[in-house]
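Asks: Each chain, written out:
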Amino acid sequence: MTLLARTGSGEPPPSAPRPGRHRLLPYLLLLPGAAWLLIFFGVPLAQLAAASLYDPSGSLSTGYAMTWAFGNYPDVVQAYWPQFLRSFGYAGLALVLALLLGYPLAYAIAQKAGRWKNLLLVCVVAPMFTSFLVRTLAWKTILSDNGALVGLLRDVHLLAPDGRLLATPFAVVLGLTYNFLPFLVLPLYASLERLDPRLLEAATDLYASPAQAFRRVTLPLSMPGLVAGTLLFFIPASGDYINAELLGTPNEYMIGNVIDSAFLVRLDYPQGAALSFLLMAAILAVVFGYLRRAGTEEVL
Amino acid sequence: MTGMARETPAGDLRLANLTKRFGVFTAVDDLSLTIEQGSFFALLGASGCGKTTTLRMIAGLEEPTTGQVLLGDRDIARLRPYKRPVNTVFQSYALFPHLSIFENVAFGLRRRGIRSVDDEVTRMLSLVQLDGYGNRRPAQLSGGQQQRVALARALINRPQVLLLDEPLGALDLKLRRQMQIELKRIQIEVGITFVHVTHDQEEAMTMADTVAVMNAGRIEQLGAPADIYEFPATAFVANFLGQSNLLAGEATGAGGGDVAVTAHGTRFSVPAGRSRADHGPVHLGVRPEKLILVGSADQVPQGHQHVTGVVTDASYVGVSTQYLLRTGWGTEVSVFAANSGASERVPVGSEAVAYWDPRHAFLLPRDAADTDRTSPVLDEPVGAPS
Numbered sequence: 001m002t003l004l005a006r007t008g009s010g011e012p013p014p015s016a017p018r019p020g021r022h023r024l025l026p027y028l029l030l031l032p033g034a035a036w037l038l039i040f041f042g043v044p045l046a047q048l049a050a051a052s053l054y055d056p057s058g059s060l061s062t063g064y065a066m067t068w069a070f071g072n073y074p075d076v077v078q079a080y081w082p083q084f085l086r087s088f089g090y091a092g093l094a095l096v097l098a099l100l101l102g103y104p105l106a107y108a109i110a111q112k113a114g115r116w117k118n119l120l121l122v123c124v125v126a127p128m129f130t131s132f133l134v135r136t137l138a139w140k141t142i143l144s145d146n147g148a149l150v151g152l153l154r155d156v157h158l159l160a161p162d163g164r165l166l167a168t169p170f171a172v173v174l175g176l177t178y179n180f181l182p183f184l185v186l187p188l189y190a191s192l193e194r195l196d197p198r199l200l201e202a203a204t205d206l207y208a209s210p211a212q213a214f215r216r217v218t219l220p221l222s223m224p225g226l227v228a229g230t231l232l233f234f235i236p237a238s239g240d241y242i243n244a245e246l247l248g249t250p251n252e253y254m255i256g257n258v259i260d261s262a263f264l265v266r267l268d269y270p271q272g273a274a275l276s277f278l279l280m281a282a283i284l285a286v287v288f289g290y291l292r293r294a295g296t297e298e299v300l
Numbered sequence: 001m002t003g004m005a006r007e008t009p010a011g012d013l014r015l016a017n018l019t020k021r022f023g024v025f026t027a028v029d030d031l032s033l034t035i036e037q038g039s040f041f042a043l044l045g046a047s048g049c050g051k052t053t054t055l056r057m058i059a060g061l062e063e064p065t066t067g068q069v070l071l072g073d074r075d076i077a078r079l080r081p082y083k084r085p086v087n088t089v090f091q092s093y094a095l096f097p098h099l100s101i102f103e104n105v106a107f108g109l110r111r112r113g114i115r116s117v118d119d120e121v122t123r124m125l126s127l128v129q130l131d132g133y134g135n136r137r138p139a140q141l142s143g144g145q146q147q148r149v150a151l152a153r154a155l156i157n158r159p160q161v162l163l164l165d166e167p168l169g170a171l172d173l174k175l176r177r178q179m180q181i182e183l184k185r186i187q188i189e190v191g192i193t194f195v196h197v198t199h200d201q202e203e204a205m206t207m208a209d210t211v212a213v214m215n216a217g218r219i220e221q222l223g224a225p226a227d228i229y230e231f232p233a234t235a236f237v238a239n240f241l242g243q244s245n246l247l248a249g250e251a252t253g254a255g256g257g258d259v260a261v262t263a264h265g266t267r268f269s270v271p272a273g274r275s276r277a278d279h280g281p282v283h284l285g286v287r288p289e290k291l292i293l294v295g296s297a298d299q300v301p302q303g304h305q306h307v308t309g310v311v312t313d314a315s316y317v318g319v320s321t322q323y324l325l326r327t328g329w330g331t332e333v334s335v336f337a338a339n340s341g342a343s344e345r346v347p348v349g350s351e352a353v354a355y356w357d358p359r360h361a362f363l364l365p366r367d368a369a370d371t372d373r374t375s376p377v378l379d380e381p382v383g384a385p386s
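Going down the list, the sequences are from chains X and U.
For the first sequence, my numbering assigns the number 300 to the last residue and increments by one with no breaks.
For the second sequence, my numbering assigns the number 386 to the last residue and increments by one with no breaks.
If you're looking for bench data, these hints aren't it; they were derived computationally from the structure.
Nothing false has been slipped in among the hints.
Partner residues aside, some chain U positions facing chain X, computed with beta carbon under 10 angstroms: (1) Asn-87; (2) Phe-107; (3) Arg-110; (4) Asn-157.
Listed below are the simulated SDA-like cross-link pairs for lysine to any residue, each with C-alpha atoms no more than 20 angstroms apart in a straight line: (5) U/Lys-290 to U/Ala-226; (6) U/Lys-83 to X/Ser-209; (7) X/Lys-140 to X/Val-150; (8) X/Lys-112 to U/Glu-62; (9) X/Lys-112 to U/Glu-63.
This one's a predicted model, so the numbers in the text were calculated from it and none came from an experiment.
Note that beta-carbon positions come from the ideal geometry of N, C-alpha and C, so glycine has one too.
Make the full structure from the sequences, and use the hints.
Replies: Below, the structure is given as structure tokens:
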């Protein structure tokens with residue numbers, strides 16, 4: 001109002017802009033976030049990169065010397081390639097299981113649940129209300145040798161009398177599947193919820209069998225959610241170490257366990273840092289390869 | 001209603017005692033009709049009358065509660081939709097948003113395992129005047145263009161029957177008129193049976209060879225547009241298809257080729273050939289454009305019948321002037337006078353006489369409780385003590 005009044009009294013109109021300020025505004029808005037990212041992500045990342053090149057013969061007590069020891073990388077690959085492979089193998093297997101469980105689930109909630117939709121969504125998210133650690137420990141109890149499940153499986157001879165569930169690759173993959181399932185289901189649900197059922201009617205009207213209608217209409221239209229969901233599942237699952245730690249044995253250890261012990265047990269910082277960078281690079285490679293193959297321009 | 005004695009050729013679509021119930025609600029009630037191969041058939045009715053449900057049962061998207069859907073001699077009522085030689089143009093078009101226009105049109109051919117689709121798709125796109133649009137996505141097209149893609153996508157499969165579910169409903173008036181002519185042209189060109197569902201009576205009459213007027217899950221009347229319009233079977237049809245003035249009266253019997261009617265103390269007559277009842281309560285119907293408005297009863301020619309009243313409203317709508325004449329017994333009668341320059345306009349408030357040729361009137365049976373009806377429905381109640 002005062003602005004209008006002043007314009008009326010013959011002062012220069014407010015439309016005469018100060019362009020500098022307008023152009024700077026977006027950057028000013030970005031500044032707090034950028035500062036945060038720089039201090040708490042950029043600097044530690046650089047620190048970690050530096051640590052990965054420290055002299056491997058150093059120790060926490062004697063201190064590390066920067067010797068640009070690029071040899072750390074081939075060394076850790078040679079020492080820990082089985083854990084690397086296992087990480088991606090377990091995460092991949094868990095992803096397949098999660099897709100088999102999660103896609104029908106997301107589809108049912110999005111398209112068929114009617115008034116139960118919100119309740120079912122809450123059920124998907126509800127486990128997240130408790131800690132990741134607590135949930136995994138619960139699985140440890142369920143799968144334990146003295147538990148009811150193992151007893152039952154032994155009784156019906158699905159499991160040998162001395163057979164176990166805990167401390168097997170099965171337990172670790174199961175844990176990964178369970179813990180990261182909601183990250184797959186939620187984006188998938190969001191995509192499938194937007195799917196217009198009339199498009200499926202149109203497809204069946206145009207000679208598509210139910211299987212073809214799924215392949216040609218439902219699947220492509222759920223692709224953005226599918227890609228986002230698989231990434232949100234696979235990335236944390238392949239870097240996870242809690243499941244292998246609690247539900248497996250050193251024979252099931254994934255690369256996350258190795259990094260964990262390098263930093264916290266063996267106190268071998270150069271190795272831990274090099275492994276961390278390799279894991280990051282490997283995940284980025286897998287993700288980019290996947291996105292290229294998935295070929296969804298909506299995602300990238 | 002239909003020529004039941006006629007042999008049904010291989011391609012006629014017949015609905016036999018078709019019924020669909022949703023819980024206690026009967027959407028389609030024992031519907032039987034024959035749609036000749038190659039005809040343009042319109043199912044006309046207000047929303048909720050069961051016309052779309054009927055269409056969906058023909059398409060296979062809804063299973064009939066009872067009854068048959070016969071194509072030639074084959075009952076397809078329980079066949080899955082993708083096994084029927086029937087395609088649909090959906091009201092929402094339902095184009096696949098992730099596919100190009102080309103792939104949308106090719107969809108049906110590809111699902112049937114046909115490899116070389118290029119020529120056929122190109123030909124179809126040119127039939128609907130969308131040459132060169134093949135690489136675009138549906139979202140990049142206007143409503144009218146999307147409508148034509150939906151049509152091409154269905155037609156390319158050369159179905160025995162093409163179903164159109166209010167396909168022009170989302171278009172603006174001008175485009176709708178244009179597409180009506182276009183659809184009619186394409187139907188004649190491809191010679192496929194078109195079954196068109198619409199609530200727009202003008203659209204149905206413009207395009208269809210045969211119109212079925214549906215009400216509450218049943219067909220009220222079926223026939224050529226002109227036949228239905230000129231001689232409606234029920235009061236519902238008389239007012240749904242165009243407008244009618246319906247005077248409540250009592251038929252007092254036929255004699256000398258005419259049926260005598262007494263309405264509001266005045267005697268009228270209707271030719272027996274245009275009477276659907278000759279005794280008891282009836283509606284005497286005259287279309288507004290069949291009425292001629294003059295200043296006094298002297299000007300009514302010999303052999304014509306008339307009502308007298310006061311002009312209460314005159315709306316000039318370009319091609320015609322639409323008058324409302326309040327009769328002595330309180331009913332308002334609607335009169336359309338063509339603006340041909342042949343007659344002077346009658347001022348509001350003046351006394352006037354509306355007359356008609358008895359051959360343009362029609363007589364319908366009436367429920368005893370039913371009174372006069374005039375359409376359009378007026379804001380003020382049309383009270384008619386009879």
